[in-house]
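*Asks:* Chain by chain, the residues run as shown.
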Amino acid sequence: MSVGKALAVPGDSIFVYDGSFHGFLCCVYESVYSGVVPALIAVSGDAPITLYAVNEVETDTEKAERVLKSISKKISSEARNLIETVFLSCLKEKELLMLKFLLRAFREGGRLLTRLGDPDVAPLLKAQKHLLGEAHLLKGFVRFADYDGSLAATITPKNFVLPFIATHFTLRFSDENFLIFDKTHKAALVYQNRRREIISVDNIDFPIASEEELQYQAMWKRFYNTVSIEARENPRCRMSHMPKRYWENMTEMQD
Amino acid sequence: MELMNKLTILTDGAKYDAACTSSGADRPGKTVMAGCCHSFSADGRCVTLLKVLMSNNCIYNCKYCVNSASSDVARATFTPDELAELTIQFYRRNYIEGLFLSSGVVESPDHTMELMINALALLRKKHNFLGYIHAKAIPGSSPELIYRLGLFADRISVNIEMPSEKSLALLAPNKTKESILAPMRQIKNTLTDNTHALAQYKNAPKFASAGQATQMIIGATADTDYQIITLASALYEKYSMKRVFYSAYIPVMENSLLPAVASPPPLLREHRLYQADFLMRQYEFTSDEILSEDTPTLNPYLDPKCNWAINNIHFFPVNVNTASLRDLLRVPGIGPTSARRIVTARREGKLGLDELKRIGVVLKRAKYFIATKDNTTGLRLDKHLTVRALIDPKIFAFNTEQLSLFDDTPISPALPPAGALIPTGSGMLSISEAVEEAVLCLSAKL
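Quick mapping for you: the protein sequence lines, in order, are chains H and U. Each residue of the first sequence is one higher than the one before, starting from 1 at the first, in this note's numbering. Each residue of the second sequence is one higher than the one before, starting from 1001 at the first, in this note's numbering.
Calculated from the structure, these hints are not laboratory results. Glycine included, every Cβ here is placed at the ideal spot set by N, Cα and C. One or more of the hints may lead you astray.
[Stated by the list, open to error] The calculated lysine-lysine pairs, modelled on DSS-like cross-linking and capped at a C-alpha distance of 27 Å, are:
{"hint": "1", "chain 1": "U", "residue 1": "Lys1364", "chain 2": "H", "residue 2": "Lys126"}
{"hint": "2", "chain 1": "U", "residue 1": "Lys1063", "chain 2": "H", "residue 2": "Lys74"}
{"hint": "3", "chain 1": "H", "residue 1": "Lys158", "chain 2": "U", "residue 2": "Lys1373"}
{"hint": "4", "chain 1": "U", "residue 1": "Lys1063", "chain 2": "H", "residue 2": "Lys129"}
{"hint": "5", "chain 1": "H", "residue 1": "Lys92", "chain 2": "U", "residue 2": "Lys1202"}
{"hint": "6", "chain 1": "U", "residue 1": "Lys1188", "chain 2": "U", "residue 2": "Lys1177"}
{"hint": "7", "chain 1": "H", "residue 1": "Lys100", "chain 2": "U", "residue 2": "Lys1357"}
{"hint": "8", "chain 1": "U", "residue 1": "Lys1177", "chain 2": "H", "residue 2": "Lys129"}
{"hint": "9", "chain 1": "U", "residue 1": "Lys1357", "chain 2": "H", "residue 2": "Lys126"}
{"hint": "10", "chain 1": "U", "residue 1": "Lys1125", "chain 2": "H", "residue 2": "Lys139"}
{"hint": "11", "chain 1": "H", "residue 1": "Lys129", "chain 2": "U", "residue 2": "Lys1350"}
{"hint": "12", "chain 1": "H", "residue 1": "Lys92", "chain 2": "H", "residue 2": "Lys221"}
[Claimed, not checked] Label-pair distances were calculated between CB atoms; the ranges are:
{"hint": "13", "chain 1": "U", "residue 1": "Lys1166", "chain 2": "H", "residue 2": "Lys221", "range": "52 to 58 Å"}
{"hint": "14", "chain 1": "U", "residue 1": "Ala1197", "chain 2": "H", "residue 2": "Pro235", "range": "16 to 22 Å"}
{"hint": "15", "chain 1": "H", "residue 1": "Thr50", "chain 2": "U", "residue 2": "Leu1325", "range": "45 to 51 Å"}
{"hint": "16", "chain 1": "H", "residue 1": "Ala231", "chain 2": "U", "residue 2": "Phe1278", "range": "22 to 28 Å"}
{"hint": "17", "chain 1": "U", "residue 1": "Thr1344", "chain 2": "H", "residue 2": "Tyr52", "range": "35 to 41 Å"}
{"hint": "18", "chain 1": "H", "residue 1": "Ser240", "chain 2": "U", "residue 2": "Arg1340", "range": "40 to 46 Å"}
{"hint": "19", "chain 1": "U", "residue 1": "Lys1166", "chain 2": "H", "residue 2": "Asn177", "range": "57 to 63 Å"}
{"hint": "20", "chain 1": "H", "residue 1": "Arg195", "chain 2": "U", "residue 2": "Thr1344", "range": "36 to 42 Å"}
{"hint": "21", "chain 1": "U", "residue 1": "Ser1256", "chain 2": "H", "residue 2": "Ser150", "range": "55 to 61 Å"}
{"hint": "22", "chain 1": "H", "residue 1": "Lys244", "chain 2": "U", "residue 2": "Thr1344", "range": "50 to 56 Å"}
{"hint": "23", "chain 1": "U", "residue 1": "Glu1237", "chain 2": "H", "residue 2": "Ala231", "range": "47 to 53 Å"}
[Said to hold, decoys possible] On the chain U side, residues computed to face chain H include the following (Cβ under 8 Å):
{"hint": "24", "residue": "Thr1011"}
{"hint": "25", "residue": "Glu1107"}
{"hint": "26", "residue": "Ser1108"}
{"hint": "27", "residue": "His1314"}
{"hint": "28", "residue": "Phe1316"}
{"hint": "29", "residue": "Pro1317"}
{"hint": "30", "residue": "Arg1326"}
{"hint": "31", "residue": "Lys1350"}
{"hint": "32", "residue": "Ile1359"}
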């Protein structure tokens, strides 16, 4: 990758790609080799109507792998990790922010990542923290129900957290079969016969819960309501630790 | 349903225990080393473990306890099978991280311990349970049983109950200081031996790998904050405690020795004690730096770290570009995470306020105590502004009575006691007026 070339000035075009991680890496490739920094990188279909010239970047696995390798080699494996994580986050205009970071990091090297307060670095670190934070919360907040011996749960996270909670749940339930359905991103983590994969799926119809399942749900609700101390009631404290947007999938928060 | 009833009674009896962490255990299948909260109850406390009693059918008569023999409550006892099955089913549904098992004393301490051990053995052996188990050892039970309990549990604890021997004798006549300290000492020694054994033999049986903890009740007796944190500090040092928990006394029993049943629990005081505890565990403060015999009470308006800062103003400003990690940790508003980030980020260039903000350092309080690249001498202290920024906004979340609950001994020579600031009864000052008063008093100190 050419490093000596002057940083490109903001161009008057936008990049459109297929939404895959490889597709994004090809946008990086395109920008480095053409010297154009687009005004926006959008997923085809979601791109706004603009007066800018639209550059449709094609996904090419070979180019993508070259970019990925050079990130590890010329910047650091930490930077690669950051890019892979932020790509799955819900950060707005994440593609352009990641591109700007990469263009600088290719010149300045891995040291850029220790500049935690730099305006090109801080937003990415924040997005990464947000994603990992949500993944951590969900390790606790996911609620399974037992359907004939298999476990199933639904989540509605802001970030695409399934890859970040997969290992935790497969270790925890290594002898079970289970499924976690991410309704927001239309994907599911499926673990069956000791093999796990993340598949894309539009919707999942859960069967009706058994009598025994309903009993355990009722006992869990009873425990939850009993363990709280009335004299210490503090709804604001509860809300800040367990934001309301998670409640819809939690057994104990349903009437 | 029979089991539903038992669950209700035995949860109700266990809920006043404060500890509910699951950190530090090391088992296959446990990937979250730090604690993992599964829910938060309406009182804002984290729900991590199925916190229940084995039985509330207690023969002891501790004056502060809902389950004491003379108390008029419904009684129940789990069978080991019921408890094991319930734990497994809750664990499978990801409701909980494990089990927190305590108990009233049924028949005798040894009999109670045997019941608990049977339940844990079922869980670990029959159900292959890999989750977390925190068990309370019963004071007065035989050392052999405590050892067996520790082989199944990740953490084992003995409640110290009261901050002083005098209070213990007064309120828990069936328990003695020695019956509590003996098992603590045993656990500590076994833990040390176990670490050595594990270093030599990989398959040595693991004993309570997450260490031991304890808990004491705050506000039921006249013990001062200074006594409490000095005791806590000694417990950390002498008994290698992982945690000391403080539980604001909630008056549930009518007794002339105790606060009246209608009085609110001293939550603000409990909050301040936890803050002081954190300073000792994670900020390298000693108990003597936080309080002394002359000022034995924690300041209700300021958290203990701000209070230290105001009393040691000569220590500041701390230069964020050169100070050691330990000194950074002394700045109000800078915690372990921020301090570590500052140390990393300053390797690649000097830091100013903008950089600090983007790193995620909260400057509301810190800015009065630091020197940065844009201001190498630090802000000139505006007394009123500083104090206003330091006053803990959380005190608004507690009601005004919380402030007046503090001991009437003056917090510092310059500051009138909080209790005196707010006359109880109908002519009560509003909390904002009380804060104004505090601002004046505290800024006079600077």
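*Asks:* Would you mind marking each hint as holding or not holding in the structure?
*Replies:* Structure-based check of each hint:
1. Taking the CA atoms of lysine 1364 (chain U) and lysine 126 (chain H), the gap is near 20 Å; set against the 27 Å cutoff, the hint holds.
2. The hinted pair formed by lysine 1063 (chain U) and lysine 74 (chain H) fails the criterion: a straight-line CA distance of about 69 Å is larger than 27 Å.
3. Distance check on the hinted pair: lysine 158 (chain H) and lysine 1373 (chain U) sit about 37 Å apart at the alpha-carbon level, beyond 27 Å; violated.
4. A C-alpha spacing of about 48 Å is found between lysine 1063 (chain U) and lysine 129 (chain H), which places the hinted pair above 27 Å, so the restraint is violated.
5. Of the pairs offered as hints, the one joining lysine 92 (chain H) and lysine 1202 (chain U) is violated, with about 50 Å between alpha carbons and a cut-off of 27 Å exceeded.
6. Among the hinted pairs, lysine 1188 (chain U) with lysine 1177 (chain U) is consistent with the structure: their alpha-carbon atoms are about 16 Å apart, no more than 27 Å.
7. A threshold of 27 Å between alpha carbons decides the hint, and for lysine 100 (chain H) with lysine 1357 (chain U) the separation of about 21 Å falls inside it, so the pair holds.
8. With a C-alpha separation of about 46 Å, the suggested pair lysine 1177 (chain U) and lysine 129 (chain H) falls outside the 27 Å cut-off, and the hint is violated.
9. Using a Cα cut-off of 27 Å, the hinted pair lysine 1357 (chain U) and lysine 126 (chain H) holds, with the two alpha carbons roughly 12 Å apart.
10. Between lysine 1125 (chain U) and lysine 139 (chain H), the direct Cα distance comes to roughly 26 Å. Compliance with the 27 Å bound is thereby established for this hinted pair.
11. A hinted pair counts as satisfied when its Cα atoms are at most 27 Å apart, and lysine 129 (chain H) with lysine 1350 (chain U) qualifies at roughly 24 Å.
12. Between lysine 92 (chain H) and lysine 221 (chain H) the alpha-carbon distance is near 37 Å, which puts this suggested pair outside the 27 Å criterion.
13. About 43 Å separates the C-beta atoms of lysine 1166 (chain U) and lysine 221 (chain H), a value inconsistent with the hinted range of 52 to 58 Å.
14. Roughly 48 Å separates the CB atoms of alanine 1197 (chain U) and proline 235 (chain H), a value that falls outside the hinted 16 to 22 Å.
15. A hinted range of 45 to 51 Å holds for the C-beta pair threonine 50 (chain H) and leucine 1325 (chain U), which are about 49 Å apart.
16. The supplied range of 22 to 28 Å is met by alanine 231 (chain H) and phenylalanine 1278 (chain U), whose beta-carbon atoms lie about 24 Å from each other.
17. Taking the beta carbon of each, threonine 1344 (chain U) and tyrosine 52 (chain H) are about 38 Å apart, inside 35 to 41 Å as hinted.
18. For serine 240 (chain H) and arginine 1340 (chain U), the Cβ-Cβ distance of about 24 Å falls outside the hinted range of 40 to 46 Å, so the restraint is violated.
19. For the hinted restraint 57 to 63 Å between lysine 1166 (chain U) and asparagine 177 (chain H), the CB-CB distance of approximately 58 Å keeps it satisfied.
20. Between arginine 195 (chain H) and threonine 1344 (chain U) the C-beta distance comes to about 39 Å, which sits within the given range of 36 to 42 Å.
21. Serine 1256 (chain U) and serine 150 (chain H) have their C-beta atoms about 58 Å apart, which keeps the hinted 55 to 61 Å range intact.
22. Look at lysine 244 (chain H) against threonine 1344 (chain U): about 34 Å separates their beta carbons, and that is not inside 50 to 56 Å.
23. Checked against the hint of 47 to 53 Å, the pair glutamate 1237 (chain U) and alanine 231 (chain H) fails, with Cβ atoms roughly 33 Å apart.
24. With a least beta-carbon distance of about 4 Å to chain H, the hint placing threonine 1011 (chain U) at the interface is held under the 8 Å criterion.
25. The criterion of a C-beta within 8 Å of any C-beta in chain H is not met by glutamate 1107 (chain U), whose closest approach is roughly 26 Å, and the hint is violated.
26. With a least beta-carbon distance of about 28 Å to chain H, the hint placing serine 1108 (chain U) at the interface is violated under the 8 Å criterion.
27. Interface restraint check: histidine 1314 (chain U) against chain H, minimum CB-CB distance 29 Å, threshold 8 Å, status violated.
28. Taken as an interface hint, phenylalanine 1316 (chain U) does not check out: its beta carbon lies about 22 Å from the nearest beta carbon of chain H, beyond 8 Å.
29. Interface hint at proline 1317 (chain U): violated, since its Cβ lies 19 Å from the closest Cβ of chain H, which is beyond the 8 Å cut-off.
30. With a least beta-carbon distance of about 20 Å to chain H, the hint placing arginine 1326 (chain U) at the interface is violated under the 8 Å criterion.
31. Because the closest C-beta pair between lysine 1350 (chain U) and chain H is about 10 Å apart, greater than 8 Å, the hint is violated.
32. Taken as an interface hint, isoleucine 1359 (chain U) checks out: its beta carbon lies about 5 Å from the nearest beta carbon of chain H, inside 8 Å.
Hint compliance for this structure: hints 2, 3, 4, 5, 8, 12, 13, 14, 18, 22, 23, 25, 26, 27, 28, 29, 30, 31 are not met, and every other hint is.
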